[in-house]
Amino acid sequence: SQELEQSPQSLIVQEGKNLTINCTSSKTLYGLYWYKQKYGEGLIFLMMLQKGGEEKSHEKITAKLDEKKQQSSLHITASQPSHAGIYLCGADMENDMRFGAGTRLTVKP
Amino acid sequence: GAVVSQHPSRVICKSGTSVKIECRSLDFQATTMFWYRQFPKQSLMLMATSNEGSKATYEQGVEKDKFLINHASLTLSTLTVTSAHPEDSSFYICSAGRLSNQPQHFGDGTRLSIL
Numbered sequence: 022s023q024e025l026e027q028s029p030q031s032l033i034v035q036e037g038k039n040l041t042i043n044c045t046s047s048k049t050l051y052g053l054y055w056y057k058q059k060y061g062e063g064l065i066f067l068m069m070l071q072k073g074g075e076e077k078s079h080e081k082i083t084a085k086l087d088e089k090k091q092q093s094s095l096h097i098t099a100s101q102p103s104h105a106g107i108y109l110c111g112a113d114m115e116n117d118m119r120f121g122a123g124t125r126l127t128v129k130p
Numbered sequence: 003g004a005v006v007s008q009h010p011s012r013v014i015c016k017s018g019t020s021v022k023i024e025c026r027s028l029d030f031q032a033t034t035m036f037w038y039r040q041f042p043k044q045s046l047m048l049m050a051t052s053n054e055g056s057k058a059t060y061e062q063g064v065e066k067d068k069f070l071i072n073h074a075s076l077t078l079s080t081l082t083v084t085s086a087h088p089e090d091s092s093f094y095i096c097s098a099g100r101l102s103n104q105p106q107h108f109g110d111g112t113r114l115s116i117l
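Taken in sequence, the protein lines are chains D and R.
Its first residue numbered 22, the first sequence is counted upward by one per residue in the numbering used here.
Its first residue numbered 3, the second sequence is counted upward by one per residue in the numbering used here.
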């Protein structure tokens, strides 16, 4: 089951443009994870956020978790074709793990 | 409703026991399924890719003799933790996708506790 609202569902951007993907929950998140899924492959871990207001960056990807720990965003700066794929947020909720529905990102050269 | 069913949701057993976890795609055929493991407060770790009708592909560091994967049909993959020990206690979760270019659907996970 999916209790995380992830948006947008699909995104097409021109190479070089910035983009943001959002992940929202009505419940407090104990841990928020961002993953990338390449077509036909398993998930690749990108970043983990645990503290309210936390922000992490890796290369051109930045993830933030709001102070209330209910919303996270993933921001890609100057997108490249290598960024294409499906991005998925996952969260620890008390005793369970839940996932967003995924965002399919296409980067046009 | 759920499109991937995982069973059981929770297992508590003694050390030395073998435990089988099932992952079923409910309304689609999945030639590929994925098995993950999550330790507390850590991210999912891909253990292996389960391929229908052929051997699973294991990630580096995952013992194939310890974690037996069988994908005998297009809707069922099983993960058997053989001779489980306390260090095998973890949260195991499977996923499957209708198509390779679509997001994976996840089972609800299995929390395994070895005493």
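In case anyone wonders, no lab produced these hints; they're calculated from the structure.
Since this is a predicted model, take the numbers as computed values, not measurements.
Glycine is no exception: its CB is placed at the ideal position from the N, C-alpha and C atoms.
Keep in mind that a hint or two might mislead.
[Stated by the list, open to error] Result set (DSBU-like, lysine-lysine): computed pairs, CA atoms no more than 30 Å apart in a straight line: (1) D:Lys81 with D:Lys38; (2) D:Lys59 with D:Lys77; (3) D:Lys77 with D:Lys89; (4) D:Lys59 with R:Lys57; (5) D:Lys72 with R:Lys43; (6) R:Lys16 with D:Lys57.
[As the list claims (entries may be wrong)] What follows is a list of derived Cβ distance ranges for each label pair: (7) D:Ala99 with R:Thr19: 48 to 54 Å; (8) R:His87 with D:Ile65: 27 to 33 Å; (9) R:Glu89 with D:Val34: 28 to 34 Å; (10) D:Val34 with R:Thr19: 47 to 53 Å; (11) D:Thr41 with R:Glu61: 28 to 34 Å.
A quick look at each hint next to the structure:
1. D:Lys81 with D:Lys38: The given pair, whose Cα atoms are some 12 Å apart, holds under the 30 Å limit.
2. D:Lys59 with D:Lys77: Satisfied, since the Cα-Cα distance of roughly 22 Å is no more than 30 Å.
3. D:Lys77 with D:Lys89: Holds, at roughly 17 Å.
4. D:Lys59 with R:Lys57: holds, 21 Å
5. D:Lys72 with R:Lys43: holds, 12 Å
6. R:Lys16 with D:Lys57: Roughly 36 Å between the alpha carbons, so the hint for R:Lys16 and D:Lys57 is violated.
7. D:Ala99 with R:Thr19: 48 to 54 Å: For D:Ala99 and R:Thr19 the Cβ distance comes to about 52 Å; the hint holds.
8. R:His87 with D:Ile65: 27 to 33 Å: holds, 28 Å
9. R:Glu89 with D:Val34: 28 to 34 Å: The hint (28 to 34 Å, Cβ to Cβ) is violated, given that R:Glu89 and D:Val34 are roughly 44 Å apart.
10. D:Val34 with R:Thr19: 47 to 53 Å: With Cβ atoms ~50 Å apart, the hint holds.
11. D:Thr41 with R:Glu61: 28 to 34 Å: holds, 30 Å
Comparing the model with each numbered hint stated earlier shows that hints 6, 9 do not hold.
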